[in-house]
Amino acid sequence: MRKVLAVLCTCALAVLLIYVVTLLPAMGDPDNPTNSNVVPRYLEQGEQEAGTRNIVAGVVFNYRGYDTMGEVAIFSAALAGIFAVLGAGRRKIGRAFIDESRVKFSFVSGTAVVLVMPLIILFSIYVIFYGTDSPGGGFQGGAAIGAGVMLFTAAFGFCRAQERIPHHVRIILESTAIGGFFLVGTAGVIGGANFLTYAIPSLSAQSQTALRAAMLLILQFGIGIKVGVICTSILFALLREEETDGVEHAC
Amino acid sequence: MVWNTLADNINYAVAMVLFCIGFYTLIIRSNLIKKIIGLMVMQVSVFFFLVSVGYLDAGRAPIVVPGEPPSAMVNPLPQAMILTAIVIAVSTTALFLSLALRFYRHYGTLDMDKAKEDQR
Amino acid sequence: MEAYQHFAIYAIVTPLFVAVLIPIIALWKKNWAMPLAGLALSLSFVLSVLLVPKVRAAGYLSYHLGSWEPPFGIEIRIDFLGVLMMVLISSICLIVAIYSLRYLAPVRPKEGKTFFFFGEEMEAGKRPIYYSLYLVLAASMLGFVATGDIFNMFVFFELMAICSYALVAIPGTGLPIRAAIKYMLMAVPAAIVVLLGIGLLYSVTGSLNMLDIAGRIADSAYGQVIVVSYVILIVGFAVKAAVFPLHVWLPDAHSKAPSPISALLSGLIVKMGIFGMIRVTYSVYGAYFASDLAWIVNALSWVAAAAIIYGAIMAIRQSDLKIMIAYSTVMNIGYIMLGFGLADVTALVGGAYHIVGHALAKACFFLCAGSIISRSGYLKIDDLKGAARKMPLTCAAFALASLSIVGIPPTAGFVGKWYLVWGSFSTGNFLLGAVVIAGSIMAAVYCFRVVYYMFFLPPADGAWQQVAGEAPASMLAPTWLLAAGALALGIFSSWIVPFLREAAESLMLLN
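Residue numbers (this note's numbering), protein chains in the order written: chain A, 903 to 1153; chain B, 5 to 124; chain C, 703 to 1213.
Okay, chain A solo, but in the shape it has when bound:
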């Protein structure tokens, strides 16, 4: 009964959505409203106005920087939510399941991780700092840092990974992005413009460009650190929950 109802609902939805698809403007046509309305200005003047060769980064950080602030807040809120659900306190930490599991990482893989880790970190820093000129940016670089920490945790276990980045350091680093947005935004207000304006109208054109580049860099860096740290914190919170089920070991 439930299955029949589900199939019927889905079919009705599918018919409606496919019907809409047949009415939409043809994909990839240069005359579409999406390609002719707001976007030409981004493409033609984006490099000059927003200060980024990568137009997507220009839209994300400059034209629509307020959305990005909301997005960063969502990421923080999700971490706070995970702490709220799983418990945040620095209680006794169980031994990570990878330490106990039957398949142990060998000496070879441990060495390989040690060799690869610096490269991963270097790569993420590259992605973070060149995000304004090439594909990449704070989110992508931060995700790479998170992946690196995940690899390290897989090879050496949860306890050793957690020693490297203690709880209170993570809590402090998490605030970099929103703090950065608040400070950079307020700098614009003090300079006589609106919130999140990366330019101070009274300065000369050259110092404006330098200022804007510096502010974009602060934001990229803050977001990169924050995303990396939050990925790490989520991983640790989930691993600890996985583990504290059984016997409590101190690390």
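These aren't lab readings, by the way, just hints derived from the structure by calculation. Incorrect hints may appear among the rest.
Rough simulated footprint, nothing fancy, chain C against chain A, three-plus residues with beta-carbon under 8 Å [claimed, not checked]: (1) 935-943; (2) 961-970; (3) 1069-1075; (4) 1095-1106.
Backbone N, C-alpha and C define an ideal beta-carbon position, used for all residues, glycine too.
We have chain A; now place chains B and C onto it with these hints.
What follows is chains B and C alone, placed relative to chain A:
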């Protein structure tokens, strides 16, 4: 006529079919992890739809290269929107998984129907 | 540029910034979380109140973030309804934050027992996280009502949703987790659906600014796509607003959350869904509203009538106090939806008045329920017999708020329902007007039953013996402030209704 537009907009159609698959998984499965997978399929289908909206025939990546005409670049706005939406989707999924983990600890099952109401 | 233009953005951003400061400060000073949260919320409240005369004088406030002019950048656009919502949100959040202080960290009385959420105390380590999430929730609601950009609206919608899932589940025990999962299973797809609607709308207009979209769809060649995108957006917001057939998550989530959070969920967050519908209908689809979309909005008014009847019947059948209050929310959402669905200025004034009046009264209900639960541990309505002997002030606040929920004359609930009935009669919908009146009678049945139990029946054997007595002052004062607000809004309605009528007229004028 209809079939022609559908063939032109095949990306949109695939996105909508994916959306329906995700929706079906969400309502028919009682296992929480499978429900979350269904949700993720739905999310990804919408991202796919939005990226396709920003497509331009023979367009290139929206990175300014001196000497190339700006009009040949694809639309960067949907890409920026999806960048935002992906982070939102990741956050939601992470929170949902942690809730599912806690649910499993408490009820010993991932099945919403099997977990009894009166258990605290 | 004048200073007041920055007020709106700082009302939104300050709680957000303080929210990330709280976990850091809590590493050293555990007890600073609540004062900091209170400070940030009072700043938001003061800034929102200062905006009211400015917005009233100019008609709207438009603020361009990053100094990009509207279709290119994000615009904050606050009209009169928006600024009223901002005042409402920041004041209720502030009041409930004060209530949370003693609810989360009760002082154990010398005699008798104290109970917590469901017999378990929340870990003390979770308190800073609670206030942090609480502030983000407040900021997201303020941002949601202030924005003039449809994608930005989605971002704040999701921010609000994530905070509310986490706050429902914060006790970390079985039932709240189960309720939060049920909530997420409905609300996450709803958010995806809203994004799909925004995507469809974007694909035929190429713009994300609401005003710009409204101008572009007026002579658009893609009329049917626009109608479908409207339906999709309305369904997405309706899940968040718990409109009748999509309300399934509400009774669980609202009754199992900590009581201050229940107050926010019922008082404000479900209203955000309705506000999203109103905003989308009038500010975005204004041009289509009168012609192609009239049947959808008309159908919504019948759905609203069904919600009123269903919510009332379910509320009467409940034996658990908080679940009863939650079903009462389903019913009152029906009233607000009716004001919106009748597409008439008078009815819209009634709906808007009911948003405010119900927010105050329902928040008061949940705070009273929270006080009773945390002092006595009783959840069932039958156990409330004789409650007034031990907790007279809390029970009196409950009685006052129930006058407003039922709609007895000098209260806010009466004014809202009066305009709803008037609006439905003047548009010729006599049946809908009759439903409003019948709903009030049914509300009297479930509200006054509880009041009767509290005041006029003796306690059962042994019950209430070991209860220490009245709730502490920091819990009583917020409760009474909300109840008095519901009363004052009824008494001084002749001051407020002209403002709301102006706001409603300026919204309807767009089409």
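Against the structure, the hints:
1. 935-943: holds (count 8)
2. 961-970: holds (count 6)
3. 1069-1075: holds (count 3)
4. 1095-1106: n = 7 at 8 Å, threshold three: holds.
Of the numbered hints stated above, none is contradicted by the structure.
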